[in-house]
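Protein chains: 2
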Amino acid sequence: MDWMNQLREEIGADVVFTDPTTRLAYSFDATPNYQAMPDAIVAPRSTEHVQAVLRLCHTYRIPVVPRGSATNLAGGTTPLSGGVVMDFRHMDRILEIDEKNLTVTVEPGCITAHLAQAVEAKGLFYPPDPSSMKISTIGGNISENSGGLRGLKYGVTADYVLALEAVLPNGDVLHTGGKLAKDVAGYDLTRLLVGSEGTLAVITQATLKLIPLPETKQTMLAYFEDLDSAARTVSRIIENRVIPATLEFMDKKTIEVVEAYANIGLPTDVGALLLLEQDGPRDVVRQDIEAMHAVCLEEGALSVEVARDEAHAETLRYARRIALSALARLSPTTILEDATVPRSEIAEMVRRIEAIGRAYDIQIATFGHAGDGNLHPTVATDARNHEEMERVEAAFADIFAAALDLGGTITGEHGVGAMKAPYLEWKLGPAGIDVMKGIKLAFDPHGIMNPQKMFAKAAKKRIVQGGKS
Amino acid sequence: MDWMNQLREEIGADVVFTDPTTRLAYSFDATPNYQAMPDAIVAPRSTEHVQAVLRLCHTYRIPVVPRGSATNLAGGTTPLSGGVVMDFRHMDRILEIDEKNLTVTVEPGCITAHLAQAVEAKGLFYPPDPSSMKISTIGGNISENSGGLRGLKYGVTADYVLALEAVLPNGDVLHTGGKLAKDVAGYDLTRLLVGSEGTLAVITQATLKLIPLPETKQTMLAYFEDLDSAARTVSRIIENRVIPATLEFMDKKTIEVVEAYANIGLPTDVGALLLLEQDGPRDVVRQDIEAMHAVCLEEGALSVEVARDEAHAETLRYARRIALSALARLSPTTILEDATVPRSEIAEMVRRIEAIGRAYDIQIATFGHAGDGNLHPTVATDARNHEEMERVEAAFADIFAAALDLGGTITGEHGVGAMKAPYLEWKLGPAGIDVMKGIKLAFDPHGIMNPQKMFAKAAKKRIVQGGKS
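Read top to bottom, the protein sequences are chains L and B.
So for the first sequence, our numbering puts the first residue at 1; every next one is plus one.
So for the second sequence, our numbering puts the first residue at 1; every next one is plus one.
Note that these hints are calculated values from the structure, not bench results.
Careful: at least some of the hints might be erroneous.
To be verified - Cross-link-like lysine-lysine pairs, in silico, DSS-like; alpha carbons within 27 Å at most:
no., chain 1, residue 1, chain 2, residue 2
1, B, K209, B, K100
2, B, K122, B, K209
3, B, K122, B, K217
4, B, K122, B, K100
5, B, K460, L, K217
6, L, K437, L, K457
7, B, K209, L, K209
8, B, K100, L, K252
9, B, K437, L, K437
10, L, K100, B, K217
11, B, K217, L, K217
12, L, K209, B, K217
13, L, K217, B, K209
14, B, K437, B, K457
15, L, K217, L, K100
16, L, K134, L, K217
17, L, K122, L, K209
18, L, K209, L, K134
19, L, K100, L, K209
20, L, K134, L, K122
21, B, K209, B, K134
22, L, K100, L, K122
23, L, K437, L, K460
24, B, K134, B, K122
25, L, K252, L, K122
26, B, K437, B, K460
27, L, K100, B, K437
Said to hold, decoys possible - To give an idea of the interface, some chain B residues facing chain L are shown, with a C-beta separation under 10 Å as derived from the structure:
no., residue
28, L168
29, K182
30, G195
31, L266
32, T340
33, A383
34, I410
35, H414
Every value quoted in this text rests on a predicted model; they were computed, and no experiment measured them.
Yeah, the Cβ is synthetic: ideal placement off N, Cα and C, and Gly gets one too.
Working from the sequences, and respecting the hints, build out all of it.
Here it is, written out as structure tokens:
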């Protein structure tokens, strides 16, 4: 192929791969059921390389899919239209930790956990902690606006991105923002690129905001007889003006599966558990943990365990941390969703998810970030069982509709990707979709950036159930 | 005029004004030297009214300028192309304070201070505090992404906007976001509308994030012999991992002018002052104030005064609060700028501003938000003195160039408006401007929304001085 030879000539044959094994390895991400072969994989060493690739792809109308570690759960990094997958393994450096301005500047391939450790060594803190952070990259986190367990108190990735260098599809370099607490020079392009899922430009450098590392942290686990008392606890903690660093939820089904998997002595006769953490100055943490402890008991917690030390805290966190792994071993295919609702609607949302599971005769376990209203209903299924997969898809459509009905959204932290593209219009309406398509066109007139993501060929028809819609 | 009669018919003659007095009153904002007569003023009572106005203006290509209280300092709310000024006096309600989800939902005409007071009465806190908050509206704050004194610790308006209802130029209603801590369904249209200066759509409702009201607050004032020791103090406080709620700066010239105006006993033989505040839990505030006190002394502060009580704190804050009023009385025209640099560059930036003032023989006093690197170099001049005004303009161009040279921006919190439109390309480059124009086109194909703002007919030529650019 002509463009491929030109690619090799421009950026070097050592960073262009077209062998079947490599292509296969880049044909999928962490999402079940989405796979397509790319024509080539390129691993640029510099912004100039990225410019050269994009210029060429722009000219020849070749699709480009930027990819970090491909932990995406919405099919966002699959090369559905073929073309070039761009891998950032060579652009993974931490370029600067600026202790005067409390910023860190990195290349997109930098592993999130490496960054977190590097800044912690200097007494600084990068709060976003997606579950995949040990392998996910900052470029991927920015492209997806990744959340994590600390979202309620500390916000998400977007809240820490101060400046970006990005290459536009035509090869031009765009610089947005700066090491600045305030910048209102025009539209917020930084924030527009964050969460744009590789559909607008390729991020080649990012400057992130850091904050002082909290002095200490305390961990607590509480069991509840039923969902409602756990949900009431969540609401009342916030109403009492305590904003915990972590406020995680697991339903009965998840607890059972985790215990069956790990045998760690979780009680399986409970209805729900909450994992609560607070960080900050020692006295504040003590007070907040006491306050949360009191609310748990007032709302009828069956038991509450406060960690004695960090080792004990690790065991309390363990159940939540392995939830997905435990669920994943139940069956060949695990589908993890992230419908999100206002915090006050968590109990209602979980009830609706349970009802939907019963209606479609599928097993749904739900866990997630209760403080954020960000739930992960998870289905253990088998992609080869087409009949069941159809029921699963119909159930998820109902779950999205339920989340929207409660004032929520179809995705809290995983992104739209290919998987939720048909549902995006449910959230945004035709006017919102039109505006987004216009924005896409402004950046990417030939539609080469991560095609078939975010925008569906056709929106799903939404079947409105009951009186509300 | 045909469209005006149609306007009266559609939304009622009682909310359409075309008399010369009203038109004159809406011909300017708080920016000196920008004035133009609108053809009509409309004061919608509902989203439906806004839709009707926009549909009509879209059809007849009539410019629309949304306007809150017109405290804008960049000519952003002047009807430079005539047309309709939209006034939100009738849409000023607080619709809901949601204590479960910690949100407040308001109409755009709501006065910022009213909102702040209403939520404080419930133990909640809306941190953004632009200096104009006693008269400015939330709609204006959102359109400009207003900052304030608490930006360093708490962020700016954008950090508190969770959801928007906005009317597109064609009359369609757009709903973005939700009462959600996390939402990644497509591009971040909420954030794109925040700071868009009325050039994309008309905001008709906003849901804002609230946080618990801090337990207490402490205030401290420190004098320094020279600029550098004050700037070093700012840097060292942050390096010591203390993020104060307020970290304000006034230079020698500003101190002199304030003392001459208010006679409050400020020492005029000092080089700079810092106003420092911390809020939060009592113990944390005490520790942080002690830590900041120690840094001030280590860096050679001439004196440090810690407020004994709230009344004393008010007197310490007074000098900073009246700085602009004091400067404004010096001469007929006061031009307040807001070039912003990384925090570490404050001393250098103030030195460059002083040098620029000398070079153009104009008086520049500088004060501002030192913790944010957000400085307000202020010139007392006379708009009728054209020769001096030319020097002032040239000086400001040099100030913007200096800010950019130091990694900063042309506007930290005032917006681009008409005043800085010719300089926007200096910050964004041609690629950034092109992308922004494409975004503008996606929302507003006929260019009716607040024309002549943000995008200049022609960019200023930038004269690069010295070796760096």
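We went through each hint and held it up to the structure:
1. B/K209 - B/K100: With Cα atoms ~12 Å apart, B/K209 and B/K100 stay inside 27 Å; holds.
2. B/K122 - B/K209: Holds, at roughly 14 Å.
3. B/K122 - B/K217: Answer holds: B/K122 to B/K217 is near 18 Å, not above 27 Å.
4. B/K122 - B/K100: holds, 12 Å
5. B/K460 - L/K217: The given pair, whose Cα atoms are some 52 Å apart, is violated under the 27 Å limit.
6. L/K437 - L/K457: At roughly 12 Å apart (the allowed maximum being 27 Å), L/K457 and L/K437 satisfy the hint.
7. B/K209 - L/K209: holds, 20 Å
8. B/K100 - L/K252: Answer holds: B/K100 to L/K252 is near 25 Å, not above 27 Å.
9. B/K437 - L/K437: Distance of about 15 Å is within 27 Å: holds.
10. L/K100 - B/K217: holds, 25 Å
11. B/K217 - L/K217: With Cα atoms ~24 Å apart, B/K217 and L/K217 stay inside 27 Å; holds.
12. L/K209 - B/K217: holds, 25 Å
13. L/K217 - B/K209: holds, 25 Å
14. B/K437 - B/K457: Answer holds: B/K437 to B/K457 is near 12 Å, not above 27 Å.
15. L/K217 - L/K100: holds, 25 Å
16. L/K134 - L/K217: The given pair, whose Cα atoms are some 21 Å apart, holds under the 27 Å limit.
17. L/K122 - L/K209: holds, 14 Å
18. L/K209 - L/K134: holds, 20 Å
19. L/K100 - L/K209: holds, 12 Å
20. L/K134 - L/K122: holds, 19 Å
21. B/K209 - B/K134: This hinted pair holds, its Cα atoms lying about 20 Å apart.
22. L/K100 - L/K122: holds, 12 Å
23. L/K437 - L/K460: holds, 17 Å
24. B/K134 - B/K122: Cα-Cα ~19 Å, so holds.
25. L/K252 - L/K122: violated, 41 Å
26. B/K437 - B/K460: Answer holds: B/K437 to B/K460 is near 17 Å, not above 27 Å.
27. L/K100 - B/K437: It is violated: about 35 Å lies between the C-alpha atoms, which goes past 27 Å.
28. L168: holds, 6 Å
29. K182: For B/K182, the interface hint holds, since the closest Cβ of chain L sits about 4 Å away, which is under 10 Å.
30. G195: holds, 5 Å
31. L266: violated, 27 Å
32. T340: Since the shortest Cβ distance to chain L is 6 Å, the answer is holds.
33. A383: With Cβ-Cβ at 25 Å, over 10 Å, it is violated.
34. I410: holds, 5 Å
35. H414: Constraint on B/H414 satisfied, holds at 7 Å.
Checked against the numbered hints above, the structure violates hints 5, 25, 27, 31, 33; every other hint is satisfied.
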